[in-house]
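Residue numbers (my numbering), protein chains in the order written: chain A, 1 to 341; chain B, 1 to 341; chain C, 1 to 341; chain D, 1 to 341.
The hints are simulated quantities; they were obtained by calculation from the structure and are not laboratory data. Incorrect hints may appear among the rest.
[Claimed, not checked] Derived Cβ-Cβ restraints for the label pairs, each shown as a range:
(1) B:M76 x A:K16: 53 to 61 Å
(2) B:K260 x D:E144: 54 to 62 Å
(3) C:K67 x D:S201: 44 to 52 Å
(4) D:E144 x C:Q169: 16 to 24 Å
All C-beta atoms, glycine included, are put in the ideal place defined by N, C-alpha and C.
Each chain, letter by letter, is given below.
4 protein chains.
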Amino acid sequence: MLILMGLNTPREDIEKVKQKIISKNCTPHEIPGSSKLAIGITGPSNNLNEEDFLLMESVEEVVRITKQYKLVSREMKPEDTIINIGKEKIGGEELTIIAGPCSVESREQLFEVAGQLKEIGINFLRAGAYKPRTSPYSFQGLKEKGLEFLNEVKKELGMIIVTEVKDTQTLPLIFEVADVIQIGARNMQNFSLLEQAGRLSKTILLKRGLAATVEDLLMSAEYILSQGNYNVILCERGIRTFETSTRNTLDLNAIPVIKKNTHLPVIVDPSHGIGMWDKVSPMAMASVACGADGLMIEVHSHPEQALSDGFQSLTPENFKKLLIKLKQLAPVVDKKVKLNV
Amino acid sequence: MLILMGLNTPREDIEKVKQKIISKNCTPHEIPGSSKLAIGITGPSNNLNEEDFLLMESVEEVVRITKQYKLVSREMKPEDTIINIGKEKIGGEELTIIAGPCSVESREQLFEVAGQLKEIGINFLRAGAYKPRTSPYSFQGLKEKGLEFLNEVKKELGMIIVTEVKDTQTLPLIFEVADVIQIGARNMQNFSLLEQAGRLSKTILLKRGLAATVEDLLMSAEYILSQGNYNVILCERGIRTFETSTRNTLDLNAIPVIKKNTHLPVIVDPSHGIGMWDKVSPMAMASVACGADGLMIEVHSHPEQALSDGFQSLTPENFKKLLIKLKQLAPVVDKKVKLNV
Amino acid sequence: MLILMGLNTPREDIEKVKQKIISKNCTPHEIPGSSKLAIGITGPSNNLNEEDFLLMESVEEVVRITKQYKLVSREMKPEDTIINIGKEKIGGEELTIIAGPCSVESREQLFEVAGQLKEIGINFLRAGAYKPRTSPYSFQGLKEKGLEFLNEVKKELGMIIVTEVKDTQTLPLIFEVADVIQIGARNMQNFSLLEQAGRLSKTILLKRGLAATVEDLLMSAEYILSQGNYNVILCERGIRTFETSTRNTLDLNAIPVIKKNTHLPVIVDPSHGIGMWDKVSPMAMASVACGADGLMIEVHSHPEQALSDGFQSLTPENFKKLLIKLKQLAPVVDKKVKLNV
Amino acid sequence: MLILMGLNTPREDIEKVKQKIISKNCTPHEIPGSSKLAIGITGPSNNLNEEDFLLMESVEEVVRITKQYKLVSREMKPEDTIINIGKEKIGGEELTIIAGPCSVESREQLFEVAGQLKEIGINFLRAGAYKPRTSPYSFQGLKEKGLEFLNEVKKELGMIIVTEVKDTQTLPLIFEVADVIQIGARNMQNFSLLEQAGRLSKTILLKRGLAATVEDLLMSAEYILSQGNYNVILCERGIRTFETSTRNTLDLNAIPVIKKNTHLPVIVDPSHGIGMWDKVSPMAMASVACGADGLMIEVHSHPEQALSDGFQSLTPENFKKLLIKLKQLAPVVDKKVKLNV
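Excised from the complex, chain A in its bound form (with noise of 0.2 Å):
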């Protein structure tokens, strides 16, 4: 942390911050500069607070330079982190693929999109049995009976089952059901709701709030990590910017970026990252070339009919044709993707 002052600023208050330094355990460096007075800290920085010294008398600035999250980043494991879950590896060279329908709508439907899914190859199926909806007037799942569903499917079927939690209550029902337990968008920042899920033995996969930066993404997860979950899975799934031509801005940038500061695995959501189901298939292509370790779409066997998120799904077929196109892609970044496809 770096503590600026003015040129001019009485001794009296330089002695005052550097005292404040030193009671919290730290070391003070003075260096007098040409427009400002610098004051460098050194020591163990958890202890400060850009607001232990914002208000002391002649500072004009506090600049924090080590970043708040450890857990999670890089520094402290420099290693990729691969999550086991059956035979599936995720965060290695296999691309991990998950789709399905936005919700569970019925048994009929979620086993005839799994049936196809399984098909192919995709052993991990996505549906929501609580949907989050910004209406209160719209369609919000089928809740427990949908877990039900989902709880068939995985027995018959032997799928792996992504699902999203709404609130910590849910939180135990899901816990029986999910192989993967989604935390969406809009409960990024539900701290009891990481809290909790940290508390878990069951894989995170955490998606990317609307206006949040990579570094409160990071900070979220370091939540769950935190608590003693080390399996989580970041999702970036389009952020909320003034362009209105897209559902939202996929930011494919952090990618890039999220690979290089944690060792987490970090997967994208075209589905949700663009809105419009005909232009999915370019940004999962866009988003494996650079980098993600996998990708999460969704798939409806009939969306026109879909109760939610219908404009956004492939059809099975069109997933099909995605996914042999991924197959071409995957060996270029040093991916591999094992289907029948």
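Please arrange chains B, C and D on chain A, whose structure you already have, making use of the hints.
Just chains B, C and D now, kept in the frame of chain A:
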């Protein structure tokens, strides 16, 4: 709702769209144009979903015309909602002024500032017992102990307690102590929390999320009203933009927009809105000047010792200076300030 | 400037950085820390560039501490700049009120509205002869003819003319007629235009760009001052954000930030800032309440016939109502309004 | 266009709207609904303006349906535009790769990097002679001298020169040397410059502005085409958002959106798009994977000595590594790369 199709759309596709409209108990109106064929829809629009049509053959665009919120809209209830708490009225001609520290830090700290506020006639005391923080390593509030102190202040000084709820688990505890339950920016789309708050007989203060449009904010309020609780105060507290010289971008445009579209009262939190104590007062003045029904301001007896948000907190002395100015400003915009300043 | 290197940086890399600093006539200060090695730099920081160091071996980050603007900064000139035009003073205790139509549309239209404004004591008339428009098919202004009409108004009514320059070619023509030359939001970083404007002996009104930070705006003003023209008025007119219910997001936070960092006067254009005539007045009030030195407001005698921006223009009647309110507000914030209202 | 009026609108107001529509040679269609009365309009929509109706009595909203751009739209010209420069084709199946330093810094620097690029088969050389810089104190380019060096390279190495024009004054000079004239992000809405560029018989490379929507970009291209110059290449180079970990937010969503809406070729500049050299290559790969027609990449023989943008420049060596990957990627997305790598 309006469905747009290309000029050369086959008759068959047009008929399918019209049949779908009829199947939803609505009426289609064909409007042939020079560059598009439009089909207007009349009837109970709640039956309809953009997505019902977006994926149909030859449909190019679907334009929604009616707003999605109902109970919160001024069309539903033209006159202003006035919320009564004790002798105080929120939403009428009297400016509501809520003040207090970011967090309850100790019994002494709370009583000191509450006493100072009470002395100048402030009746609404804000202070958080449960604090949502970006970092798991930051001070998270005194929790139950904090609520206890708030309850003591409430009994001893007769102040109206405004405090934040972080999750559904602690909602019952907070319900016992709070007179106004605050739902923070990060929880604005925590729909489970909104629904539970909607079932309580207690005033809810709903803050706008960092990436929430005014319409999103109104939809979140709709969640609360739709469960039966009509006592909702909205709060503008800054949105996230590219500007980095301030903590957030206070969107005061939202005030006249909100006042036009809803009957609910709206207040402004300039402390979070700008994030620097020396610029809080001008933004408080601006908020009242453009029509806010009140203010929520962070005040701390010793900002330099605050455990959170000290840099954006006013001292009681500076707060009093602001109140003197507000008292002069209020009558210019047809408001009143009843305070001993 | 501060250079951050990893803790285990080889001595050789550290020495190279220090030598580079010395070669720029500055002095390096090594500050060993617990997680990073920092090298503070003192001396003439103008010699330095972040990029000089960013690519050196082992350098992890470069933190710039000093602001890049000089002539516009309050550190350079602590007292407010007051610009004199005729008998008017901009930047002092008197509120500057500029009003008029978006565009000059005809001789009659201009004289009608100018007469109405003059009658209530407005001396600054705004109206565009050259209009930058998003679409090449929209009305682009009357051009030379428009300037001619402005010149007539100037002579007959003695008003101070504020009009926009669109490019360097027409700058000499505009120089002949305008008393204040406006550089619009889209031209805020048209550096050639800024430089030419900097060589004129005429007041420049510089509007903030849609994606410009406050620092960008000050850097653009610095371009003008650095060429010798110190008569610059800054103008906040709304930035572009995700909010779609208003034309732009008026960033009033910018007002106290600008007032703190520069000695130049700053005014607000609430007409563009919100974009809806019925909400212009509250935003004008808010602008003055948070410390703006003046306002620029679109007024049209017949907004429904306006060739541009009619929807955000006030009628002279509604404008007068606003002025009455402003006159009451001004003394509360230590300003004056000298008008016959 | 669709005019929305309240259900209880007096007959008189409805008739006025209908008469206005008829006066514009269009036809009104009354559609009574359950919550609004809509009036659809058919006929030559160019005659119409939202503002013609917005201020009429009882009108609540005006919805524009037709896009404002014409010449650039795919509806006007369904097949891709392919631009021929020498033997190169831009917009077809061959990937266009433009490379070179940010600025011309000296004759030696330019010839060194140009030679290295030429050797690996790059034919498009980018380098700026006139540099728009945020600060007046930063390096502004070698200007005429820079153009001279570019001209020498052009003659000696036979490369295609891509260089930026900063203003209308220097446009004739640049026209002499450049094969492709670049209009930068900050000039995207410098309409005078667009118009003049539209009158030239030279290819224009138009970069997207920092706060420009895709539609704004297309409208700016429309300015150029409307003057007769159909040889326009669009360029995505990052927009400004709240994210601070990267220089800009590269909006790759824009690529499929642009490809769908216009016939013009579109390339990506990942160097500015992310702003850190070590992350340029993944973003270049992503750009091609989602359908870009080409790339513009900053390459400098000695980035650590660059006078501008060194931190985002690739060395020729790293650039070559990227090209090898691009050559593998291209056929997966039905493109070709003809290079000696």
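Hints, one by one, checked against the model:
1. B:M76 x A:K16: 53 to 61 Å: 58 Å, holds
2. B:K260 x D:E144: 54 to 62 Å: 56 Å, holds
3. C:K67 x D:S201: 44 to 52 Å: 45 Å, holds
4. D:E144 x C:Q169: 16 to 24 Å: The hint (16 to 24 Å, Cβ to Cβ) holds, given that E144 (chain D) and Q169 (chain C) are roughly 20 Å apart.
Checked against the numbered hints above, the structure violates none of them.
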